[in-house]
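Residue-level listing of the chains:
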Amino acid sequence: MSALLSLRGVTVRYRESGARRQAPPAVEGVSLDIRAGEILGLVGESGCGKSSLGRAILGLVPLAAGAVNWQGRRIDRLPAREFRKLRRELQCVFQDPYSSFDPRMTIAEAVAEPLRALRPDCSPTDRAARAAAQLADVGLAPELAGRYPHQLSGGQLQRAVLARALVMGPRFLVCDEPVSALDVPVQGEIIELLAHIRREQGLAGLFISHNLAVVAGLCERVLVMYRGRIVESASRQDLMRRPLHPYTRELLDAVPAIDAGARARLLRRAPRPAPAADESLAAPGCPFAPRCPHALPRCHAERPALQPAGASRLVACHRAAEWPEGLPAAGG
Amino acid sequence: MKRGLWRDALAALRANRAAMTALAVLVFLAVAAIVGPALLDYREDQIDWASVAVPPFATEGHWLGTDRLGRDLLVRTLFGLRVSLAIALAATLVSLVIGVAWGAIAGYLRGRTDALMMRFVDVLYALPQVFFLIILMVVFGRGPWTLLLAIGAFGWLTMARIVRGQALMLREREFIEAAVVGGSGTFRIISRHIVPNLLGPVIIYATLTVPQVILVESFLSFLGIGIQEPLASLGNLVADGAVEMETAPWMLAVPASCLVLLVFAFNFLGDGLRDALDPRDR
Amino acid sequence: MALLEIRGLSVEFAGRELVLAVDGIDLSIAERESVAIVGESGSGKSQLLLACTGLLAPNGHARGSVRFDGRELLGAGDPAAGVRGRGIGFVFQDSSGSLTPHRRIGSQLVEAAIAAKPVTRREAEALSLRMLERVQLPDARHNLTRFPHELSGGMRQRVAIALALVAEPRLLFADEPTTALDATVQSDILVLLAGLCRDLGMALLLVTHDLGVVASLADRIAVMRSGRIIETAGAAEFLQGPRDAYSVSLLAAVPTIDRALAVSGA
Numbered sequence: 001m002s003a004l005l006s007l008r009g010v011t012v013r014y015r016e017s018g019a020r021r022q023a024p025p026a027v028e029g030v031s032l033d034i035r036a037g038e039i040l041g042l043v044g045e046s047g048c049g050k051s052s053l054g055r056a057i058l059g060l061v062p063l064a065a066g067a068v069n070w071q072g073r074r075i076d077r078l079p080a081r082e083f084r085k086l087r088r089e090l091q092c093v094f095q096d097p098y099s100s101f102d103p104r105m106t107i108a109e110a111v112a113e114p115l116r117a118l119r120p121d122c123s124p125t126d127r128a129a130r131a132a133a134q135l136a137d138v139g140l141a142p143e144l145a146g147r148y149p150h151q152l153s154g155g156q157l158q159r160a161v162l163a164r165a166l167v168m169g170p171r172f173l174v175c176d177e178p179v180s181a182l183d184v185p186v187q188g189e190i191i192e193l194l195a196h197i198r199r200e201q202g203l204a205g206l207f208i209s210h211n212l213a214v215v216a217g218l219c220e221r222v223l224v225m226y227r228g229r230i231v232e233s234a235s236r237q238d239l240m241r242r243p244l245h246p247y248t249r250e251l252l253d254a255v256p257a258i259d260a261g262a263r264a265r266l267l268r269r270a271p272r273p274a275p276a277a278d279e280s281l282a283a284p285g286c287p288f289a290p291r292c293p294h295a296l297p298r299c300h301a302e303r304p305a306l307q308p309a310g311a312s313r314l315v316a317c318h319r320a321a322e323w324p325e326g327l328p329a330a331g332g
Numbered sequence: 001m002k003r004g005l006w007r008d009a010l011a012a013l014r015a016n017r018a019a020m021t022a023l024a025v026l027v028f029l030a031v032a033a034i035v036g037p038a039l040l041d042y043r044e045d046q047i048d049w050a051s052v053a054v055p056p057f058a059t060e061g062h063w064l065g066t067d068r069l070g071r072d073l074l075v076r077t078l079f080g081l082r083v084s085l086a087i088a089l090a091a092t093l094v095s096l097v098i099g100v101a102w103g104a105i106a107g108y109l110r111g112r113t114d115a116l117m118m119r120f121v122d123v124l125y126a127l128p129q130v131f132f133l134i135i136l137m138v139v140f141g142r143g144p145w146t147l148l149l150a151i152g153a154f155g156w157l158t159m160a161r162i163v164r165g166q167a168l169m170l171r172e173r174e175f176i177e178a179a180v181v182g183g184s185g186t187f188r189i190i191s192r193h194i195v196p197n198l199l200g201p202v203i204i205y206a207t208l209t210v211p212q213v214i215l216v217e218s219f220l221s222f223l224g225i226g227i228q229e230p231l232a233s234l235g236n237l238v239a240d241g242a243v244e245m246e247t248a249p250w251m252l253a254v255p256a257s258c259l260v261l262l263v264f265a266f267n268f269l270g271d272g273l274r275d276a277l278d279p280r281d282r
Numbered sequence: 001m002a003l004l005e006i007r008g009l010s011v012e013f014a015g016r017e018l019v020l021a022v023d024g025i026d027l028s029i030a031e032r033e034s035v036a037i038v039g040e041s042g043s044g045k046s047q048l049l050l051a052c053t054g055l056l057a058p059n060g061h062a063r064g065s066v067r068f069d070g071r072e073l074l075g076a077g078d079p080a081a082g083v084r085g086r087g088i089g090f091v092f093q094d095s096s097g098s099l100t101p102h103r104r105i106g107s108q109l110v111e112a113a114i115a116a117k118p119v120t121r122r123e124a125e126a127l128s129l130r131m132l133e134r135v136q137l138p139d140a141r142h143n144l145t146r147f148p149h150e151l152s153g154g155m156r157q158r159v160a161i162a163l164a165l166v167a168e169p170r171l172l173f174a175d176e177p178t179t180a181l182d183a184t185v186q187s188d189i190l191v192l193l194a195g196l197c198r199d200l201g202m203a204l205l206l207v208t209h210d211l212g213v214v215a216s217l218a219d220r221i222a223v224m225r226s227g228r229i230i231e232t233a234g235a236a237e238f239l240q241g242p243r244d245a246y247s248v249s250l251l252a253a254v255p256t257i258d259r260a261l262a263v264s265g266a
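Residue numbers (the numbering used here), protein chains in the order written: chain A, 1 to 332; chain B, 1 to 282; chain C, 1 to 266.
In short, the hints are calculated from the structure, not lab data.
Be a bit skeptical, because a hint or two may be false.
As the list claims (entries may be wrong) - Per the computed footprint, the stretches of chain A lying under chain C, defined by three or more beta-carbons under 8 Å from a beta-carbon of chain C, are:
1. 32–40
2. 201–212
3. 235–249
4. 252–258
No residue lacks a Cβ here, since even glycine has one placed at the ideal position from N, Cα and C.
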């Protein structure tokens, strides 16, 4: 196994202070491998545990079970001091560019800060030069470097966040909803920048989003997560052309189409009731069953395991074998 | 490198007329308190038997009148202002340093450390303060230093709670997580990211602490365990004046107006500082 | 006559320098028509909506004319008061912000109903329940007694829509009603809004930065940039091919399945 990063049975559980019942795990038994130079996509709705998984990789939340391996070396139990050395290689980008910067630091200072902490061999002038070069690399005009975060737009800030993450030359980047807070045209620019960096520097990473089209635009392999578990794992072509899990189908249907027939299709769809907030937390069956249009009695009783479905493809659905060519779109 | 932000803040403060007026008043009061007594003809404990309890502007030399022992009220008020300001500023500084450090560490580290540190604060809160102050005064003797120690020992508690609350909120912001991932150590995160970002509320609270300390000091003086005669403070001057309120109202009015002016000025300045120090407001 | 008629609307903000956020906009919305204003942040689209509802920030000033059903909304002492109860409803981006956190959903709906029209408490309660069912909140009766934080973001946005509906508005203003939500919830809310407009005969003015989300739901699309409307077209016509170069780039930026497949070279 020549994976750069591999997760085995990762489980994350938050302790709720004062709660009588133990909360269900935010992430449950997730295994995945990411090769060097690969950006893996992770899709799911808010609260499905995708952010917790990203934070677990970065050592920001403890694991309840499982292991995180970086280049074959287990890193999830490293003491903080040891983990710090890894931070040169493992970096991240978060969703909200506005709160990603200390409001009291200029962009240039913020970008140079990781160098100060992780590269004590760098002199202050060296750090400033590297920060400036990195800011130029992500396409930020030099005159913006001396400004404060509130003086920049969301897109400019997200570029600066990327510069800060890349300034140490990391090999892995966790991108947690890096474009959700941005205007649509700016989203495209940031995605393009990420694709460029992957090409130029062979950067690997995990790209997390709730929008399947955004993920599929960047990543060749995509995982679909629901309620803390991986429910489908496939190449983007398979996922978009032949979705096997009903939840994947739902995510696909949610992506707007902008052809002339889109409106008719949308209006043909019956308005769907909101899913109840706390359904089936302790139910023994498939967690998606209460929402699933294809659910059988068996689905409510027995939890499906994540199983191979063809070459390099996994799905957790009892009925997946019934639609080998994928589930058709809603509304025809 | 940080100069830009501070210069902006200063410019914003300059544009705030109320805050600048307040600052001017404070500077004037401070200068008057420091050099004023030396410029006047009387010392603060000098008794003028020829003019006892004269009202303001009635006698040459005693512009604001005298007290019932014939001591010049202007000199005593200025002198009291000096003592009160010194105690208030020192006590505020103590509460600032201890409170900010305590609160920021507890709030950032959370968990057991936080619980332990804040329970300690709760225990001190639960002690009957006045009783505790009296014990301190008895053990260490009455005087400005003991008073300072006594007020400082309790003054930081509220500051620590406020700072902890702010730190708890701040640590959830993504830039703190970004600093962790960027390899910054705990000390650096607290000193460079947490503390500077909670200076706003800290400064507001500090400017409110100053008049509060002055009031505590005056209360203690009123009980007879604060600043002792012949030493003057705004507190014991007001207390003295209150006794003669019906026969010689100026003995209360002069130090009381000085106290009111001081409290007002600190509040206005605090408001202006808060507006000026928030970079997002501009 | 148009239901909402905006003529020469400009919005200025006084500060260190005068900022012109909206620069002479003309726009009209017919009965039952749904119009989407699309633009990036800073294009002035939200300020346009706020000006129409009298909710501009204190340093903002609106000029021009906004007529709803023939009545002028600008220049009245409190335009918002004139609008409320006269047939305009609002839905904002942040549903947690438009609901009071410490009050039960039912009581907020009842309050809105009583403020909007002369009904008894009992009638208001019945109306609230109907509206929650209308926005397809499951177990509506139980949800009346819950607090906003007990609901998911999508459910809260449905409650916010129900809150706007109790006044039975003829026009609904919606400012980025789906931006803060997950993709699946976004499309649910949009399908719901479209259905409500059709069933209740309500006109809709939608403001968003996401052309993909609204393109298939609006009758007409207006693209806004730097305070001006640079292109208006019927939705179908617009999707066939917008005329303005900026509109083309906006449309091209929408992430779709086809585009993702094209990137993958499949």
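The hints, checked one at a time:
no.	hint	result
1	32–40	violated (count 0)
2	201–212	holds (count 3)
3	235–249	holds (count 4)
4	252–258	holds (count 7)
Hint 1 from the earlier list is the only one contradicted by this structure; the remaining hints agree with it.
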